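Number of protein chains: 2
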Amino acid sequence: MLNFNFQNTTEIVFGMGVEEEVGKKVSKYGKKLLLHYGGTSLKKFGLYDKIVKNLTDEGIEIFELGGVLPNPRLSLVREGIKICKDNNIDFILAVGGGSAIDSAKAIGVGVKYDGDVWDFFEKRETVSDTLPLGVVLTIPAAGSETSKSCVLTNEDGWYKKSFSDSIIRPKFTIMNPEVTYTLPAKQTAAGAVDMMSHVLERYFTNEKHVELTDRLSEGVLKTIISNTPKVLDFPENYNARAEIMISSTIAHNGLLDIGRESDWASHKIEHEISALYDIAHGAGLAIILPAWMKYVYRTNIDRFVQFANRVWNIDVNFDDPEAVVLEGIKRTEEFFTSIDMPTRLSQADIDGDKFEEMASRATQNGTLGNFVKLTKEDIINIYKLAE
Amino acid sequence: MLNFNFQNTTEIVFGMGVEEEVGKKVSKYGKKLLLHYGGTSLKKFGLYDKIVKNLTDEGIEIFELGGVLPNPRLSLVREGIKICKDNNIDFILAVGGGSAIDSAKAIGVGVKYDGDVWDFFEKRETVSDTLPLGVVLTIPAAGSETSKSCVLTNEDGWYKKSFSDSIIRPKFTIMNPEVTYTLPAKQTAAGAVDMMSHVLERYFTNEKHVELTDRLSEGVLKTIISNTPKVLDFPENYNARAEIMISSTIAHNGLLDIGRESDWASHKIEHEISALYDIAHGAGLAIILPAWMKYVYRTNIDRFVQFANRVWNIDVNFDDPEAVVLEGIKRTEEFFTSIDMPTRLSQADIDGDKFEEMASRATQNGTLGNFVKLTKEDIINIYKLAE
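Sequence order for the protein chains is A and B. The first sequence maps to residues 909 to 1295 in my numbering. The second sequence maps to residues 909 to 1295 in my numbering.
No lab work stands behind these hints: they were computed from the structure. None of these values were measured; they are calculated from a predicted model. A few of these clues could be false.
The list cannot tell twin chains apart, which means a pair is met if one copy fits it or any two copies do.
[As the list claims (entries may be wrong)] Taking lysine-lysine and the BS3-like style, the derived pairs with C-alpha atoms no more than 27 Å apart in a straight line are:
no.: 1; residue 1: Lys1116; residue 2: Lys1138
no.: 2; residue 1: Lys952; residue 2: Lys932
no.: 3; residue 1: Lys1079; residue 2: Lys932
no.: 4; residue 1: Lys1262; residue 2: Lys1281
no.: 5; residue 1: Lys932; residue 2: Lys958
no.: 6; residue 1: Lys936; residue 2: Lys1079
Between the sequences and the hints, there should be enough to build the whole structure, so can you do that?
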């Protein structure tokens, strides 16, 4: 087990009707608020009105910036920074999923910085301050509601980059599973893959003696696997929605990688796809994860046997461990297919034209991943395995 | 699943040699420190000298109060409060296990209160402020290093009482598994039972739809069960010590009871034993937990079948679920016996003389527990089952 530091300070306010607490929570930190969100679905189902009323009742002045897109964009972040600076805004409330939260995180650090916010993503500067940030979560997937990471797309060249710093963890996250009843099935399923990927990127490590976090990870995976079909069958299943929603948080709150080296190659390989093609991050991961598994499993057969046995209940077979591994990967793929996610690039109408370009961009700062260090050629091979 | 709030702000600094960071961590909060600890074993193995040097190098002024006993006492807490007030101390560093930490927590809130600190334990007052507190953990067991609870014994009547408040969570906890190499086997084993009990008090709930926390709890239990024999066989097994140490924290950091009602009857039934007899809390729990299980399992057979199946790998048998349950309880008892813990009061030289008195004291504020609400008569029956 490796040495580690772990601290996650975000307050999780979870359950039926908890959005009614948003005004009280915000008023601990600020009086002038940027309400940051994506599309109009927020207004359609009444959540917007509830939040605005609740904030107004607490005497909080609201400035608005909607229009966050999936794979959030630098241009909107710059607009948000300007609004905050011009109006002395002291708190940002993100309402939505990972895109709205990451966009809000970037605005928060940009407001407290004289240079251009993209510097943090290019690692030219490290973050030293941020506006405080809160979340009303509507899409369980990214885990950004308590995480210390932030992913943004720069339209100038379509670069998708990220940075991590504890300072950007939200102060609180308000999570009512009921607000996820109206999520489209595709988004529910893509979210499930995203949260599974956050566990798997940590699970596949070469570090030995990480029994506790292995078992916690397997528990999170099993919970997602058992509850996702339930919410797809019956979107208003409160308890299954609740299991999914809290799993998304635990998958990415930092607990599951204490004491181990995580991988994150699959995320970066996928980021190149969703930077260039219009595909949900979770759908891209459903394509890349199995291909990555097939490409790397020989490096550490034991770990893949454990995954197959403990997550998919496949009997161990010491005469043919590779068969156990391949069955585990097959079951992963079949699960993605069963929730209507693509597992091949062709299913998302992506052909091989840009494999070379995507692999070049992915490796411009060196190899990807830690479980296996992947070169440009390896990544092209993984794209080909996913064709 | 029930609504919940969850936040645990304590920073965990974990691994080989991390005690060298103590000066830097403390200096974020204060310059005049109360070093609070138990016996002389701290000085024997060099940890004391290391900590003092590290603090002194950071220019921190040290006041000392040793002598914390297992089941820490109110009188020492009052002494600590006086030292802090007289010397304008601004930080408390607890070095030890749950006893030193709980004693330090009580001192912390007592310093910021004009009345008598026992008021908080009698629920006559709620806490509103505390001195900041840090921990160097040497005994993994109580989970107090990141928890919001505090247990103290008032020698005037030998009452053992507790209170909980987020404000008393330590700012940081420094955890080096190497410092636990020299823990006596009895203390190692009692610690393992204590941490298992923290999981079990939460696991046995009547709340349905708590799949994620069930699975996380089962993972923590399995990790403790697999690693405790390893550290008893070979006390310097770093990785097994590390698994045990971090398990103690996760067992009691508040994550495992999100969305459910916990029980805590066994703890209170045990507290009456360790208040009146000289027995380690963990050893008392090894006696009470199986007796409690035998007394209450019929209330919710399903939950006990799940425990037997998922924690002890006992096959489910729908023709005779009770046999599965009893086998699970038997395996729990056998595990405690295998690590040399008592499972009967007679093994700890405790006879039936005070059953009536202990049960009266335990129920002076009403019934105990939530899984089943236990009356005085129930508690006498549980003591008798444990004879």
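Exercise. Between copies, within a copy, both or neither: which fits Lys1116 and Lys1138 at Cα up to 27 Å?
Worked result: between (35 Å within a copy, 16 Å between copies)
Exercise. Is it within a copy, between copies, both, or neither that the alpha carbon of Lys1079 lies no farther than 27 Å from that of Lys932?
Worked result: both (13 Å within a copy, 25 Å between copies)
Exercise. Are the CA atoms of Lys932 and Lys958 at most 27 Å apart within a copy, between copies, both, or neither?
Worked result: Within one copy only: 13 Å inside a chain, 45 Å across chains, cut-off 27 Å.
For this session: Pop the pair Lys936 and Lys1079 into one bin, within, between, both or neither, using alpha-carbon distances up to 27 Å.
Result: The answer is both: 10 Å in one copy and 20 Å across copies each meet 27 Å.
For this session: Pop the pair Lys952 and Lys932 into one bin, within, between, both or neither, using alpha-carbon distances up to 27 Å.
Result: within (24 Å within a copy, 51 Å between copies)
Exercise. When no copy is named, should Lys1262 and Lys1281 be tagged within, between, both, or neither for a Cα gap of at most 27 Å?
Worked result: within (22 Å within a copy, 65 Å between copies)
In this structure, every one of the numbered hints holds.
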